[in-house]
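Engineer: Taken in sequence, the protein lines are chains G and P.
Quick note: the first sequence, position 199, residue 238 per the working numbering, numbers continuous.
Quick note: the second sequence, position 251, residue 287 per the working numbering, numbers continuous.
Hints listed in this document are in silico derivations from the structure and should not be mistaken for laboratory results.
Please note that the accuracy of each hint is not assured.
Cross-link-like lysine to any residue pairs, in silico, SDA-like; alpha carbons within 25 angstroms at most [claimed, not checked]:
#1 Lys250/G to Asp211/G
#2 Lys410/P to Lys250/G
#3 Lys185/P to Glu320/G
#4 Lys300/G to Ile179/P
#5 Lys425/P to Gly306/G
#6 Lys300/G to Ser501/P
#7 Lys226/P to Tyr322/G
#8 Lys302/G to Arg420/P
#9 Lys190/P to Arg226/G
#10 Lys450/P to Glu315/G
#11 Lys302/G to Asp426/P
#12 Lys575/P to Ser501/P
#13 Lys319/G to Asp92/P
#14 Lys189/P to Lys64/G
#15 Lys190/P to Lys177/G
#16 Lys302/G to Gly266/P
#17 Lys410/P to Trp248/G
#18 Lys64/G to Ile223/G
#19 Lys302/G to His78/G
#20 Lys177/G to His78/G
#21 Lys165/G to Leu262/P
#22 Lys319/G to Ile467/P
Pulled from the structure, derived: some chain P residues nowhere near chain G, Cβ distances all over 12 angstroms [to be verified]:
#23 Lys110
#24 Gly313
#25 Glu581
All C-beta atoms in this analysis are idealised placements derived from N, C-alpha and C, irrespective of residue type, glycine included.
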Amino acid sequence: MPTLEDYKGEIPSWCPGCGNFGILKTFKEAMVDLNIKPHQFTIVSGIGQASKFPHYLKCNTFNGLHGRTLPVATGIILANHEMLVIAVAGDGDCYGEGGNHLMHAIRRNINVKLFVHDNQIYALTKGQASPTSMEGMKTKNQPFGVLSGQLNPMALAVALDCTFVARGFAGDTEHLKGLIKEAINHRGFALVDVLQPCVTLNKINTYKWYKERVYHIEPEYNPEDRVEAFKRALEWGERIPIGIIYRNHRPTFEERIPIIKDKPLVGQSFDLSIIEATLKEFY
Amino acid sequence: MDYSIKIGGEAGQGIQTIGNTLGRVFSRRGYHLFTHQDYESRIRGGHNLFQLRFSDSPVMASRDRIDILVALDKESILLHEKELSEHGIVIYDSSALKQRYEKPYFLDVPFRDLAMEHGGNKIMVNTVATGAVLGMLKIEIDILVETIKDTLKKKGEEIIKGNINAAMAGHDFTTRQCQRCSFSTAPQSKPKMLIAGNDAIGLGAVASGCKFYSAYPMTPSTGIMLYAAGKAKDYGIIVEQAEDEIAAINMAIGASFAGVRSMTGSSGGGFALMVEGLSLAAMTETPIVIALAQRPGPATGLPTRTEQGDLLFAIYTAHGEFPRVIFAPGTPEKAFYLTNKAFDIAEKYQIPVLILTDQYLADSQWTFDGFDLKGIRYTDYRIRGDAFKDISGYKRHHCTDNGVSPLGIPGDSKHLIVTDSDEHNEEGHIIEDVETRKKMVDKRLFKKLPLIRQEIEPPILYGNSHPEIVITGWGSTYGVMKEAVDDISKNKDIAMLHFSEIYPFPSTERFDYLNLLNNAKLTICIENNATGQFAYLMKGETGYEFNATINKYDGRPFTLEYLSGELDAHIRRL
Ligand SMILES: Cc1ncc(C[n+]2csc(CCOP(=O)(O)OP(=O)(O)O)c2C)c(N)n1
Ligand SMILES: [Mg+2]
Chain G
40 MPTLEDYKGE IPSWCPGCGN FGILKTFKEA MVDLNIKPHQ FTIVSGIGQA SKFPHYLKCN
100 TFNGLHGRTL PVATGIILAN HEMLVIAVAG DGDCYGEGGN HLMHAIRRNI NVKLFVHDNQ
160 IYALTKGQAS PTSMEGMKTK NQPFGVLSGQ LNPMALAVAL DCTFVARGFA GDTEHLKGLI
220 KEAINHRGFA LVDVLQPCVT LNKINTYKWY KERVYHIEPE YNPEDRVEAF KRALEWGERI
280 PIGIIYRNHR PTFEERIPII KDKPLVGQSF DLSIIEATLK EFY
Chain P
37 MDYSIKIGGE AGQGIQTIGN TLGRVFSRRG YHLFTHQDYE SRIRGGHNLF QLRFSDSPVM
97 ASRDRIDILV ALDKESILLH EKELSEHGIV IYDSSALKQR YEKPYFLDVP FRDLAMEHGG
157 NKIMVNTVAT GAVLGMLKIE IDILVETIKD TLKKKGEEII KGNINAAMAG HDFTTRQCQR
217 CSFSTAPQSK PKMLIAGNDA IGLGAVASGC KFYSAYPMTP STGIMLYAAG KAKDYGIIVE
277 QAEDEIAAIN MAIGASFAGV RSMTGSSGGG FALMVEGLSL AAMTETPIVI ALAQRPGPAT
337 GLPTRTEQGD LLFAIYTAHG EFPRVIFAPG TPEKAFYLTN KAFDIAEKYQ IPVLILTDQY
397 LADSQWTFDG FDLKGIRYTD YRIRGDAFKD ISGYKRHHCT DNGVSPLGIP GDSKHLIVTD
457 SDEHNEEGHI IEDVETRKKM VDKRLFKKLP LIRQEIEPPI LYGNSHPEIV ITGWGSTYGV
517 MKEAVDDISK NKDIAMLHFS EIYPFPSTER FDYLNLLNNA KLTICIENNA TGQFAYLMKG
577 ETGYEFNATI NKYDGRPFTL EYLSGELDAH IRRL
């Protein structure tokens, strides 16, 4: 059994009080609860404050480019589908720069768990609007306020028939831990959008702001009803639902690839013996 | 014996089918063959052509002069009638073209009627035409019959029979009716291997243990992905059509990180999108092979034509400073071996390696006696399984003497594999301090570079060993330059220098090509681009400046007559 100590990583460079700390602590606890050891999983992250995440625990890590988390995760899971692959990204990273990849990762239904640390702002670059910033929010770079509509990642994911769609809150760690575990235990692509207060740069969506609005989705709710899920996904404003919004059981992409049915690609040895037969095809 | 056949018509008329089938018959009959294609970026209509040149001695370029023109449309006649040799003949179907040509070198073959009558379907006009060409050449029908059986295996007896009958009908017709046909074609001893550039790269990847190929379709690179996809089942390869080229290269990097040999490919615009990923591969020291099949730019350019316009782009693109290797094979055979070498070097030094081709090489087919598999390198440089479990104190980016760090497989051991696109320390964690930064650049760049340089082969010298005239080129111009040397060497001391391992620029240690150039009276750099990028590179790398350059940038390849003509003009001035 791993202990929390086994997950101790580098010292975080996040601001004191950052929502990321809550997510980090909760994530480690979830891994301990699930009995997953550091070498048994890989975190792929992008660039941003959120994406420094894997350095602050212990795991196999590919900290790649801004926005390109999911393609790298796709490559890893296709090469080794027995590896638990987790993607960590910021809202800018995943919904802005890498938006196209999100759409296609959902379509493929790769068995990757995506945690988006959604602080509704570009933190690392010091406070520009992100796709999830609320309309009207003023920043140095949006002097007239955000003019574009706010992206709703939950509704987007339900519309794309994403197999696991959930929202958590960095200020409600017990609840978040449950979601992390559910997402990891889910077979297929999981999107968990975690509301993550940025205490330095987002003065609107604060701990207080979120706490006044979030509510736990009631236990009777059936996340397998897509129409209901869509309604729930559209809720934002006075009340913000947290919990599993939608789930379905489509087969994963990897399950559908016949050549890796018996063994992950990385475990398959290379055999040059049939090449003679292949060469004959050119005669 | 040295005959050229041109098949011209609209897209969708089956020009490729005729060309490919004839090619197969010629190579099976043991001839040396060279084919090239010129097509428009459309599915139907337009003007497209497929040219075959076969001989009893090696051929590796197209000629302007043709002996048989198979005209499937009027435009083919309009455009290419003038290219006929003195014994050349045009075959066409007057009922399809709705026109009769009375000149003595026109032979009206009722492709459609024969297809209907003997094959039972007008689709078989292509088979009739193929048979007709062979009849003109006095080549027996048996190899064609075999070829039809092979290629139509999956289509069923009925269709095979129809096609055989259609082929025979075409063959009989021209055997009886072509009075002007004076071709003589003795069979050669052994069947030859026939392979195009793209297939050779695909085959090279397969033979190197490539397990993952992700790309986004883009002419002229798509053929490589198609080849790999065709072999996915037999060889256990995952071929993923990515949502875009950015995803393609990042997926390949992810798969390589996880422990399998990975490749991607594109053409100029798609490769431009991959550039940030190229830099990522360099920073994370993740081995990757990238095929860059050039086509004329800028932007979308001429999607289906050829150019060598991206050499300097390939060398200098991507932010930051890091080592990379660039190969530019001149033949499918070289493409096969260099693809294999690309995989080897990429993994050995944990760097990106690029294979630069162009539409001309990608689509042209060549014959060979066969590829010798003894030349294939396969060393697994990754640390797997127990070997990885057993090492102590693992650091992914450990600063070793030669700069090459141990490349482990995530999950195979308790050792963690950590890497980052940020500058990182030996463990792979983000750092910003000056010492580590400098140490890492030294490791990635300066320590590896001398070793990588030593892997690079010098250019090939062909022709006179003390030449008065030296022509120099790189990549796909190999064949046409070599034939031009053969032509001109009858009267002049001429040689060719051909570079296929371009970057890092080959040293003069093993072969002092600069000495050769300095001792020549006339040196000419030949490139299928406007600005002479290789000449520029040569000057920058060695200080050497060519006396003259020949550049072609009309989107079409050099033909032998064109190049010889240009060379003559320079030589006459000597
Ligand atoms: C290709 C590219 N574009 C831009 C950047 C600069 N950049 C780094 S992080 C970032 C946005 C960060 O926002 P988010 O993804 O929400 O992460 P956060 O810092 O808020 O956690 C930007 C624009 C970059 N590194 N790479
Ligand atoms: Mg953010």
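Engineer: Each of the hints needs a verdict: does it hold here or not?
Structural biologist: Hints versus structure:
Restraint check: the Cα-Cα separation between Lys250/G and Asp211/G comes to about 9 angstroms, which is no more than 25 angstroms; the hinted pair holds. This hinted pair does not check out: Lys410/P and Lys250/G have alpha carbons roughly 69 angstroms apart, beyond 25 angstroms. Distance hint between Lys185/P and Glu320/G is fulfilled; the C-alpha atoms sit about 14 angstroms from each other, no more than 25 angstroms. Of the pairs offered as hints, the one joining Lys300/G and Ile179/P is violated, with about 41 angstroms between alpha carbons and a cut-off of 25 angstroms exceeded.
Annotation: proposed proximity of Lys425/P to Gly306/G holds, straight-line Cα distance about 15 angstroms (limit 25 angstroms). Simply put, Lys300/G and Ser501/P have alpha-carbon atoms about 57 angstroms apart, too far for the 25 angstroms limit, and the pair is violated. Restraint check: the Cα-Cα separation between Lys226/P and Tyr322/G comes to about 10 angstroms, which is no more than 25 angstroms; the hinted pair holds. Distance hint between Lys302/G and Arg420/P is fulfilled; the C-alpha atoms sit about 16 angstroms from each other, no more than 25 angstroms.
A threshold of 25 angstroms between alpha carbons decides the hint, and for Lys190/P with Arg226/G the separation of about 38 angstroms lies outside it, so the pair is violated. At most 25 angstroms may separate the alpha-carbon atoms for a hinted pair to count; Lys450/P and Glu315/G exceed this at roughly 39 angstroms. Under the criterion of a C-alpha separation no larger than 25 angstroms, the hint pairing Lys302/G with Asp426/P is consistent with the structure, at around 23 angstroms. Annotation: proposed proximity of Lys575/P to Ser501/P holds, straight-line Cα distance about 23 angstroms (limit 25 angstroms).
About 22 angstroms separates the Cα atoms of Lys319/G and Asp92/P, which keeps this hinted pair within 25 angstroms; it holds. The hinted pair formed by Lys189/P and Lys64/G fails the criterion: a straight-line CA distance of about 62 angstroms is larger than 25 angstroms. For the hint linking Lys190/P to Lys177/G, the alpha-carbon distance of about 65 angstroms lies beyond 25 angstroms, and the restraint is violated. Simply put, Lys302/G and Gly266/P have alpha-carbon atoms about 20 angstroms apart, close enough for the 25 angstroms limit, and the pair holds.
Simply put, Lys410/P and Trp248/G have alpha-carbon atoms about 69 angstroms apart, too far for the 25 angstroms limit, and the pair is violated. This hinted pair checks out: Lys64/G and Ile223/G have alpha carbons roughly 16 angstroms apart, not beyond 25 angstroms. At roughly 19 angstroms between alpha-carbon atoms, Lys302/G and His78/G fall within 25 angstroms of each other, so this suggested pair holds. Taking the CA atoms of Lys177/G and His78/G, the gap is about 43 angstroms. The hint is violated against a cut of 25 angstroms.
This hinted pair does not check out: Lys165/G and Leu262/P have alpha carbons roughly 45 angstroms apart, beyond 25 angstroms. Restraint check for Lys319/G and Ile467/P: not satisfied, since their Cα atoms lie roughly 53 angstroms apart, outside the 25 angstroms limit. The claim that Lys110/P is not at the interface with chain G holds, since no C-beta of that chain comes within 12 angstroms of its own (minimum 35 angstroms). Taking the minimum C-beta to C-beta distance to chain G, about 7 angstroms, the non-interface status of Gly313/P is violated against the 12 angstroms cut.
With a cut of 12 angstroms on Cβ distances, Glu581/P stays outside the contact zone with chain G, its closest approach being about 40 angstroms.
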